[in-house]
Amino acid sequence: MDIEDPSFWRAGAISTTLVMLVVLAFLSIDSMRVISVGGANVPQYDVINHQIGYTYNWSRRADVPVIGGPEPLFGKTVTAAEATALMRTGKLVIQSRACMDCHTIFGNGAYYGPDLTKSWLDPAWQQIWMPMTGKATREDAMVEFLMHPDKYPTWTRAMPNLQLTQDEARATVAYLKWLSSVDTNGFPANFGQSGKQP
Amino acid sequence: MTASALIETAALLGLFVLAGGGYGSLYSVGRLWARPALIRAGSVCWIAAFALALTIALRTPLDIGWKLLILASALVYAVIPPLIWRYLERLHHEQEIRR
Amino acid sequence: MYRSQKLSLRYYTAAVALFGVMIVFGLLSALYYLYPSLLFNVFNFNMSKILHIDTLVIWLLMGFLGAVYWYLPKELGREVEGMWLAELMFWVFCAAVVVVAAVFVFVQYGAANEFSMWFINQGRKYVEAPRWAAIGIVVVMLVFAYNVIATCIKARKMTGIMWVLVLDLIPLLAVYLDAFPAVTNMSVDLYWWWWLVHMWVESTWEVLIGCVMALVLMDVMGTSRRIVETWLYIEVMLVLGAGILGLGHHYFWIGTPQYWLSIGGFFSALEPLPLLGMVVHAIYDAGTHRMKTNNQPAFWWITAEAFGNFIGAGIWGFMMTLPQINLFSHGTQWTVSHGHFAFYGAYVCGVIAVLYVAKQQVSGADVLGGRAWKWGFGLLNFGMVGMVMGLLLAGMAQAFYGRAMGGSTLMAFTTASENPWFVSGMYARMLFGVVFAAGYVVLVYDLLTSPRRVPALQAQPEPA
Numbered sequence: 001m002d003i004e005d006p007s008f009w010r011a012g013a014i015s016t017t018l019v020m021l022v023v024l025a026f027l028s029i030d031s032m033r034v035i036s037v038g039g040a041n042v043p044q045y046d047v048i049n050h051q052i053g054y055t056y057n058w059s060r061r062a063d064v065p066v067i068g069g070p071e072p073l074f075g076k077t078v079t080a081a082e083a084t085a086l087m088r089t090g091k092l093v094i095q096s097r098a099c100m101d102c103h104t105i106f107g108n109g110a111y112y113g114p115d116l117t118k119s120w121l122d123p124a125w126q127q128i129w130m131p132m133t134g135k136a137t138r139e140d141a142m143v144e145f146l147m148h149p150d151k152y153p154t155w156t157r158a159m160p161n162l163q164l165t166q167d168e169a170r171a172t173v174a175y176l177k178w179l180s181s182v183d184t185n186g187f188p189a190n191f192g193q194s195g196k197q198p
Numbered sequence: 199m200t201a202s203a204l205i206e207t208a209a210l211l212g213l214f215v216l217a218g219g220g221y222g223s224l225y226s227v228g229r230l231w232a233r234p235a236l237i238r239a240g241s242v243c244w245i246a247a248f249a250l251a252l253t254i255a256l257r258t259p260l261d262i263g264w265k266l267l268i269l270a271s272a273l274v275y276a277v278i279p280p281l282i283w284r285y286l287e288r289l290h291h292e293q294e295i296r297r
Numbered sequence: 298m299y300r301s302q303k304l305s306l307r308y309y310t311a312a313v314a315l316f317g318v319m320i321v322f323g324l325l326s327a328l329y330y331l332y333p334s335l336l337f338n339v340f341n342f343n344m345s346k347i348l349h350i351d352t353l354v355i356w357l358l359m360g361f362l363g364a365v366y367w368y369l370p371k372e373l374g375r376e377v378e379g380m381w382l383a384e385l386m387f388w389v390f391c392a393a394v395v396v397v398a399a400v401f402v403f404v405q406y407g408a409a410n411e412f413s414m415w416f417i418n419q420g421r422k423y424v425e426a427p428r429w430a431a432i433g434i435v436v437v438m439l440v441f442a443y444n445v446i447a448t449c450i451k452a453r454k455m456t457g458i459m460w461v462l463v464l465d466l467i468p469l470l471a472v473y474l475d476a477f478p479a480v481t482n483m484s485v486d487l488y489w490w491w492w493l494v495h496m497w498v499e500s501t502w503e504v505l506i507g508c509v510m511a512l513v514l515m516d517v518m519g520t521s522r523r524i525v526e527t528w529l530y531i532e533v534m535l536v537l538g539a540g541i542l543g544l545g546h547h548y549f550w551i552g553t554p555q556y557w558l559s560i561g562g563f564f565s566a567l568e569p570l571p572l573l574g575m576v577v578h579a580i581y582d583a584g585t586h587r588m589k590t591n592n593q594p595a596f597w598w599i600t601a602e603a604f605g606n607f608i609g610a611g612i613w614g615f616m617m618t619l620p621q622i623n624l625f626s627h628g629t630q631w632t633v634s635h636g637h638f639a640f641y642g643a644y645v646c647g648v649i650a651v652l653y654v655a656k657q658q659v660s661g662a663d664v665l666g667g668r669a670w671k672w673g674f675g676l677l678n679f680g681m682v683g684m685v686m687g688l689l690l691a692g693m694a695q696a697f698y699g700r701a702m703g704g705s706t707l708m709a710f711t712t713a714s715e716n717p718w719f720v721s722g723m724y725a726r727m728l729f730g731v732v733f734a735a736g737y738v739v740l741v742y743d744l745l746t747s748p749r750r751v752p753a754l755q756a757q758p759e760p761a
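Protein chains in written order, with the working numbering: chain A, 1 to 198; chain B, 199 to 297; chain C, 298 to 761.
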């Protein structure tokens, strides 16, 4: 073994890279199984017909989403196909308005606005925006806010008006509700439980 | 992890790598200028890195696996600079001969 | 001077100009944190941020392209094949950048449909450029690959560095194909998006700049090819050995299985070790070649790269990479701090070094020195260190008050963002951002002014 010989390290570089790529390929196949819609960590889109919670799981040592009984969004149960169409639009809203260049989702994006991973579960909808918008439900308050965010600022860093139509706003709310059902290994921790530290 | 443990642990982790880097730099400059005092200062840095690794192992709420990994990497830090230095000298020496 | 070196100079010029644009939008983005009502509903934070990070990617890419076009004929001993196409692509690239920037400034966003994805804004961080422009980048990179490979074939010559470069072009292009789809499932979307972002930034670009640095070391410091190639292979082995599965540190919280916590944490915890080796190497090289170099600025920027990489990627990365810490630090200004330092250390310093190499040859100066470059070097480094310290302070305040104590809700986010530690961190970032910008101005001034003719010995004969 001549470690001064470049060909020794060339062989090392090629074999290390190949081994890592093969491992990554296997892990990616397995990950896709888990994160595809309906996989272990990512519920079907029609989960929006259900109540979604987020509680600490002692065996996982992390907060996990809990899917509860029926709680149709906007009071209407949707079919799987309708849910998929809603999600498609919701995702396109998030991309076309470049939401993730102010906000983060799963902690990815920009850091000017709050993280949206569990925003569906944010107590601010009940505590601040429902009274502010005069709407009776969380989802209606969300739609009203998303369509006219500049009318309902909560602090100095307000959200601009990105001209969402009502359909776009409703699809975005549906998307955010589904998003909150994804198992993210406990991110964000202690959501909505200020002061509690496991 | 509590909020204060979070900041303390992160700071210890950063300082640990910083001390490792200080050791590598001082050792190398010491060898370059043939100044034993700098090499000794480098060793002090490594001792600091090891002490930080021990503190991380004993005082922080990190999982045991991470603690072991950090202790092991503290030992690896010790050997990297001399090993690389010797390798570089051999490599360049061989080049001189080839020329 | 070869024709491809003239093209290279054009790429460098465009890169430096976009570096400036990046700084302008960086300063503007920083300003929104201090004056949130700034340009509200006219030109919002997200558009400024997009222009900041997209110009970052483009100017570095242009710097790399320039560097390869610069060294390709030197390395292979002949003019680059298909130069007319390469020259055409340069103008296509520039035109596309201008059009996309204009659309971002004046149109900004569209409705939730495919038209917006194709022509306005794709809204995926770093790859916001609409699909037509992404196709343009693919075409530019394909032509670039053709230039490199065809020249190798024509020259009937293949050095180790060229092999690494050619092989690196495959993943460089392949992962970019992820710039096109709009996957509905966010977990799957982000899974492949990280292949693009991580594999570009932490793998293929590292290898690309490794090749460039290998060529620079031979050129500026006269290191032998055998040594340089040995180190390049070692670097590729370490970068890809740790980097490919280091991808795992982006898969902690996006819905992916739990095993990524261990894999990602393990491989990124190993990352400081090779970086420490690079620091030792840089000091060794500095010592043995210091006397031989006649390009002080390039030499110092290369040295800064080794240290910047260690501090930015090594120390800053290690602080926040273990899952238990990352659960709280992820998605705060802490990440921003690490991102700034790591990008600067790994790439910006390297590209600036290459700019000085070109300056020396173009000006025909035997020795490159003077005072201006030192000011540029000092201000840019000082500005960057100040910015990342400010951001670190702000990020730690967010992790402490917003995430660990507050539980990441809107109220927690607001409270943390109004915390004095956060606010002072943001002011510090702004201040040092201005210092950095001043450094940029000096850098440009120094690059543009011709060097003093210190002992003019004999002009290097240049190939026609």
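By construction, these hints were calculated from the structure, which means they are not laboratory data.
We treat Cβ as the ideally placed atom computed from N, Cα and C, and that holds for glycine.
Accuracy of the hints is not assured; some may be wrong.
Distance ranges between label pairs, derived from CB positions [unchecked claim]:
no.: 1; chain 1: B; residue 1: Leu-230; chain 2: C; residue 2: Trp-718; range: 19 to 25 Å
no.: 2; chain 1: C; residue 1: Trp-460; chain 2: A; residue 2: Thr-84; range: 42 to 48 Å
no.: 3; chain 1: C; residue 1: Val-659; chain 2: A; residue 2: Asp-30; range: 51 to 57 Å
no.: 4; chain 1: C; residue 1: Phe-477; chain 2: B; residue 2: Ile-245; range: 49 to 55 Å
no.: 5; chain 1: A; residue 1: Met-32; chain 2: C; residue 2: Ile-467; range: 21 to 27 Å
Covered stretches of chain B, going by a simulated chain C footprint (3 or more residues, C-beta under 8 Å) [as the list claims (entries may be wrong)]:
no.: 6; stretch: 221–231
no.: 7; stretch: 239–246
Partial chain C-side listing against chain B, Cβ under 7 Å, derived [as the list claims (entries may be wrong)]:
no.: 8; residue: Ala-398
no.: 9; residue: Ala-399
no.: 10; residue: Val-463
no.: 11; residue: Ile-524
no.: 12; residue: Phe-564
no.: 13; residue: Ala-566
no.: 14; residue: Ile-580
no.: 15; residue: Phe-607
no.: 16; residue: Gly-611
no.: 17; residue: Phe-615
Each hint, compared with the structure:
1. Between Leu-230 of chain B and Trp-718 of chain C the C-beta distance comes to about 40 Å, which lies outside the given range of 19 to 25 Å.
2. Taking 42 to 48 Å as the suggested C-beta distance range, the pair Trp-460 of chain C and Thr-84 of chain A conforms, at roughly 47 Å.
3. Taking the beta carbon of each, Val-659 of chain C and Asp-30 of chain A are about 53 Å apart, inside 51 to 57 Å as hinted.
4. Checked against the hint of 49 to 55 Å, the C-beta distance between Phe-477 of chain C and Ile-245 of chain B comes to roughly 53 Å, which is consistent with it.
5. Remark: the range hint 21 to 27 Å for Met-32 of chain A to Ile-467 of chain C is upheld by a beta-carbon distance near 22 Å.
6. Coverage of a stretch by a chain is defined here by at least three residues with a beta carbon nearer than 8 Å to that chain's beta carbons; for the stretch 221–231 of chain B and chain C the count is 7, and the condition holds.
7. With 0 residues having a beta carbon nearer than 8 Å to a beta carbon of chain C, the stretch 239–246 of chain B misses the requirement of three or more and the stated coverage is violated.
8. At about 37 Å, the closest approach between the beta carbon of Ala-398 of chain C and any beta carbon in chain B exceeds 7 Å, and the interface hint on this residue is violated.
9. About 42 Å separates the beta-carbon of Ala-399 of chain C from the nearest beta-carbon of chain B, more than 7 Å, and the hint is not met.
10. Interface restraint check for Val-463 of chain C: the shortest CB-CB distance to chain B comes to about 25 Å, outside 7 Å, so the restraint is violated.
11. Here the hint on Ile-524 of chain C is kept, as its CB sits about 6 Å from the closest CB of chain B, short of 7 Å.
12. The interface hint given for Phe-564 of chain C is violated, since its Cβ lies 11 Å from the closest Cβ of chain B, which is over the 7 Å cut-off.
13. For Ala-566 of chain C, the suggested interface contact is upheld, since its CB lies about 6 Å from the closest CB of chain B, less than 7 Å.
14. The beta carbon of Ile-580 of chain C comes within 4 Å of a beta carbon in chain B, closer than 7 Å, and the hint placing it at the interface holds.
15. Hint status for Phe-607 of chain C: holds, given a least beta-carbon distance of 6 Å to chain B, under 7 Å.
16. For Gly-611 of chain C, the interface hint holds, since its Cβ comes within 7 Å of a Cβ in chain B; the closest pair sits about 5 Å apart.
17. Residue-level restraint check for Phe-615 of chain C holds (minimum Cβ-Cβ distance to chain B is 5 Å; threshold 7 Å).
In this structure, the hints that do not hold are numbers 1, 7, 8, 9, 10 and 12, in rising order.
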